[in-house]
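S.K.: These protein sequences, in sequence, are chains P, Z, U and H. 100 is the number of the first residue of the first sequence in this note's numbering; add one for each residue after it. 100 is the number of the first residue of the second sequence in this note's numbering; add one for each residue after it. 36 is the number of the first residue of the third sequence in this note's numbering; add one for each residue after it. 36 is the number of the first residue of the fourth sequence in this note's numbering; add one for each residue after it.
What the hints contain is simulated information worked out from the structure, not anything from laboratory work. Quick reminder that beta carbons are idealized off the backbone N, C-alpha and C, glycines included.
Label-pair ranges, simulated between beta-carbon atoms:
no., chain 1, residue 1, chain 2, residue 2, range
1, U, Lys-102, Z, Lys-289, 48 to 58 Å
2, P, Leu-303, H, Gly-158, 25 to 35 Å
3, Z, Lys-264, P, Lys-245, 45 to 55 Å
4, P, Lys-289, H, Lys-75, 53 to 63 Å
5, P, Lys-289, H, Lys-179, 32 to 42 Å
6, Z, Asn-228, U, Glu-228, 50 to 60 Å
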Amino acid sequence: MPVAQNLMTKEKIREIIAKRAAREFKRGDVVTLGIGLPTEVANYVPDETRVIFQSENGLLGAGRLHKGERPDPRIINAGGAYVEPTMGCCFYDTLMAFTIMRGGHIDATVLGALQVDGFGNIASWMIPNKFVPGMGGSMDLVVGSKRVIVVMEHTSKGQIKIVQKCDLPLTARGEVDLIITERCVFDVDKNGLLLKEINPIFSLDEIKASTGADFRVSSELCEMVL
Amino acid sequence: MPVAQNLMTKEKIREIIAKRAAREFKRGDVVTLGIGLPTEVANYVPDETRVIFQSENGLLGAGRLHKGERPDPRIINAGGAYVEPTMGCCFYDTLMAFTIMRGGHIDATVLGALQVDGFGNIASWMIPNKFVPGMGGSMDLVVGSKRVIVVMEHTSKGQIKIVQKCDLPLTARGEVDLIITERCVFDVDKNGLLLKEINPIFSLDEIKASTGADFRVSSELCEMVL
Amino acid sequence: MKKVVSVHDAIELIKDGASIMIGGFLSCGTPDKLIDELVKQGKKNLTMICNDTSYPNTDKGKIIANKLVKKLIAAHIGTNPDTGAQMHNGEIEVELIPMGTLVEKIRAKGAGLGGVLTQTGVGTILEENKETIEIEGKKFIFEKPLGADFALIYGTKVDSFGNVAFYGTTRNFNTVMATAADTVIVQADEIVECLDPNDVVIPGLFVDYIVKREEV
Amino acid sequence: MKKVVSVHDAIELIKDGASIMIGGFLSCGTPDKLIDELVKQGKKNLTMICNDTSYPNTDKGKIIANKLVKKLIAAHIGTNPDTGAQMHNGEIEVELIPMGTLVEKIRAKGAGLGGVLTQTGVGTILEENKETIEIEGKKFIFEKPLGADFALIYGTKVDSFGNVAFYGTTRNFNTVMATAADTVIVQADEIVECLDPNDVVIPGLFVDYIVKREEV
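Please put together the full structure from these sequences, using the hints given.
M.R.: Below you can see the structure in the form of C-alpha cells.
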C-alpha cells in the first residue's frame with residue numbers, strides 16, 4: 100500500500116471522492132446517486148448549480164435528510180432514509196421512475212462498484228455465493244444514464260478494483276464514462292482508461308501499482324482538486 | 100325488404116337496438132361504447148345496474164351530456180361531446196385508457212360495424228378509397244374487451260351487413276361475441292352464428308333472406324324484448 | 036427554473052421539415068395557441084404525430100388546412116374531412132395507427148424500450164409488412180418506438196420547475212409525448228410558482244419551455 | 036361501490052400456493068396490516084412478487100421470517116439478511132430482476148402487451164437463457180409479462196368507488212400491481228366517500244376490496 104494512503108482517514112478518502120464527483124455536474128443537471136458513498140456527493144454540490152436529485156423510489160427533487168423529530172414515513176429516498184423534498188419536487192411511481200432512468204432522461208449517475216475496467220464495464224451487484232443483494236435499479240440506471248460516474252476507493256482492503264477485465268458478474272457492459280477514486284480520475288473512452296487527474300500525494304508509479312488495468316496518461320494530466 | 104321494416108322509423112330501429120343492448124350488462128360492469136348508435140345504449144341502462152362507462156379519451160365514469168349553457172371544454176367523451184362526470188369518476192391519460200382497454204379490464208364493449216360474420220370477424224374502420232376515418236381506439240378495444248357486442252341495423256340501404264365472410268378490411272379477427280340488430284340477436288360461438296332472439300314482426304325467412312351468413316336457430320329461440 | 040418564453044420564441048425553434056408531436060384529443064387538451072403560432076410562422080414539410088386532426092380549420096385542423104404537413108401519423112382522421120381529402124389526392128402521406136399502439140410506441144421511445152408487442156391489429160391489414168412474434172401460441176405485432184424533434188403539449192397548471200398538472204380529460208397524449216421528444220414546449224392555462232408535488236402528472240425534467248396561454 | 040371488508044376476510048381469500056404481488060419500496064407504501072394478517076393466517080408456499088423484502092422481521096420481512104414463501108421475485112434483497120440466508124441454504128428460490136424490468140413486466144401483464152424489450156441486462160448474466168432480439172443494431176432482452184393471483188397494495192386515500200390517491204413516495208409498485216392481479220386488495224390509510232377525480236392515481240375499476248388501516 101502506498102505510504103500516502105496512511106495519511107488519509109476513511110472519512111477523508113470519502114470526502115475527497117465525493118467532493119471531486121460533485122464538480123462533474125452542469126447547471127440544472129438531473130442526477131441520480133447510488134446508495135452509500137455516492138449519496139455523500141450531494142453534500143458538496145453548490146446550491147447555485149441547481150442540480151436536481153432523482154430518487155428511483157419516486158421522487159424528483161430529493162433534498163437533505165429529515166432532521167426533525169417526527170419524519171414523515173411516506174417520504175423516503177432510495178436508501179430508505181426520510182428526506183425533505185425540495186421546492187419544485189414531485190412524486191411518481193416506479194414506472195415513471197424507470198421511464199426517466201432507462202429512457203435517457205438522467206444527465207449523470209454516480210454509483211459505487213466492486214470492479215470496473217477499461218472497457219467501461221462495471222460489476223456492482225453481486226459476488227457469487229457470497230454477496231447477492233440484487234441489482235435493484237442499478238442496471239437500468241447505468242444503461243439509461245447519459246453519463247455514468249463510478250466513485251469508489253481505489254482499492255478495497257488492498258485488493259485491486261480497477262481491473263484489466265471484470266470477472267465478477269457485470270451490472271452493465273461498456274457504460275462507464277468516468278472513474279473517481281481518492282488517488283486519481285480516469286476517463287473511460289473507446290481506447291480504454293485515460294488518467295487525467297492525480298492526487299498529488301500519490302506518484303504515478305503508485306497509481307500504476309494499484310491499478311490492474313493498462314491506462315494512458317493524458318498529456319494534460321493535472322492535480323486532482325482536493 | 101321485409102314489409103315489417105316499413106313499420107319502424109329510423110328512431111324506432113335505433114331504440115330497439117339500444118334498449119336490447121342495454122340488457123346485456125351485469126351489475127358494476129365497466130363498459131365502453133362506440134360513437135353513434137352505441138352511445139344511445141347508455142340511455143336505457145337502469146341506474147341501479149351501476150354500469151360504469153369508460154371513455155378512451157381518459158374518463159372512467161362518463162355521465163350524461165352536459166345540458167348547461169357553459170360546458171367545461173376540459174371534460175369531453177370520446178365523441179368530443181361535453182359530458183358531466185358521474186360521482187366516483189376519475190380522469191387519466193391515453194396510456195392508462197389503453198392499459199384498461201387492451202389489458203382486459205373492460206367487461207363489455209358495444210360498437211357498430213360495417214360488416215360482421217360468423218367467424219367473429221368485424222370490419223368497422225374503413226372502406227378502401229372511400230371512407231377512411233382511421234381505427235381510432237376500436238382495434239385495441241375489440242381485442243382487449245372481455246365481451247364484444249356489435250349493434251347495427253340489420254342491413255344498410257338494403258345491403259347485407261352480416262356476411263358469410265367479411266371482405267372489408269377487418270378491425271379484428273374472431274372477437275365478436277354478440278350481434279344485435281332491430282330484427283334479431285345472434286350469439287357468435289365457435290360454430291358460427293346462433294339465432295337466439297327474433298323481433299316478432301319479422302319471420303325467420305325474412306331474417307334468412309337479409310343475412311348473408313349461415314346460422315343455426317337456437318332450440319330456445321325466443322322473442323326479442325322490444 | 037424552466038424558461039417561460041413567448042409563443043413566438045418557442046415556435047421559432049422549430050425548423051421546416053421537423054417532426055412534431057401535438058397533444059390533445061380532438062380540441063380537448065390541445066395546445067391551440069402554439070398551433071396558431073405554428074401556422075402564423077408557416078412552418079413547412081412537417082411530420083405531425085397526433086391522435087387526430089380535430090375539426091376543419093380548428094386547432095390541429097388549422098395545420099392541415101394550411102398544408103404545413105408532409106406526413107401525418109395519427110389514430111383517427113374521421114372528424115376532419117380536409118385530412119381525408121388531402122390524403123386521397125396525395126398531398127399528404129397518412130399513416131394510421133391504432134390509438135393504443137400509437138400511445139405505446141411513443142411511450143416506448145420515452146421509456147427507452149425496444150418497441151411494443153401488441154395483439155391489436157393481428158389478423159388485419161395492419162399486420163402486412165410488420166414483424167410478428169409468436170409468444171405462447173399467440174401472435175403479436177412488433178412496433179418500433181416513435182419519437183419526435185418537438186412535442187407541443189398542453190398543461191392546465193404548470194409551475195416554474197416545469198411540473199405539469201391537469202384538469203379533466205385534458206391529459207390524453209400530452210403525458211407520453213412529453214417523454215419522447217427532444218424539445219418539449221408546454222402551453223399553460225396557468226403558471227404557478229410551485230405545484231403540490233402530489234398533484235404533478237408530468238415531472239418537470241421533461242419540459243423545456245413554458246408558454247402562457249393568454250385568455251382571449 | 037367496492038367492498039370495504041375486514042382484514043381477516045380479505046386475506047382469507049388467499050389460498051396456500053397463491054402468487055401475490057406486494058407493493059412498497061422498503062417500508063414506504065407497504066400494506067403492513069395486510070401483511071400482518073397474511074402472517075397471522077399462516078399462508079404457505081407463496082410466490083411473492085415485490086421490489087424488496089424490506090428489513091428483518093419488518094412488514095414484507097415478516098413474510099420471509101415466517102417462511103411463508105416458496106419463490107420470491109424481487110429486484111433487491113440486500114436490506115434483509117434473512118432473505119439471503121434462506122436463499123443460500125435453499126429454503127426459498129429467488130429470482131432477481133432489475134427494478135425497471137420488473138415494473139415493466141408487471142405493466143405488460145396489466146396492459147395486455149406481449150412482453151418487454153429492454154437493453155437492461157444485455158451483456159450480463161441476466162442475458163443467459165433469455166431470448167434476445169436485435170433492433171436497429173442494438174440487442175434487447177425479451178421479458179415476459181408477469182401477473183399474480185393477488186395484489187396487496189397500499190393507498191393513502193381510497194374512495195368508496197375504489198379510486199386510490201397517494202401521498203409522497205408511497206406510489207412505487209402499487210400502481211402497476213393494481214393492474215396485473217386477478218384480485219386486488221388495497222389497504223387504505225383513509226377511506227373517503229369520493230376523491231376529486233383529478234387526484235386519482237389508480238382508477239377504481241382495478242380495486243376489488245378495501246381494508247382500512249386502523250391507527251395503532
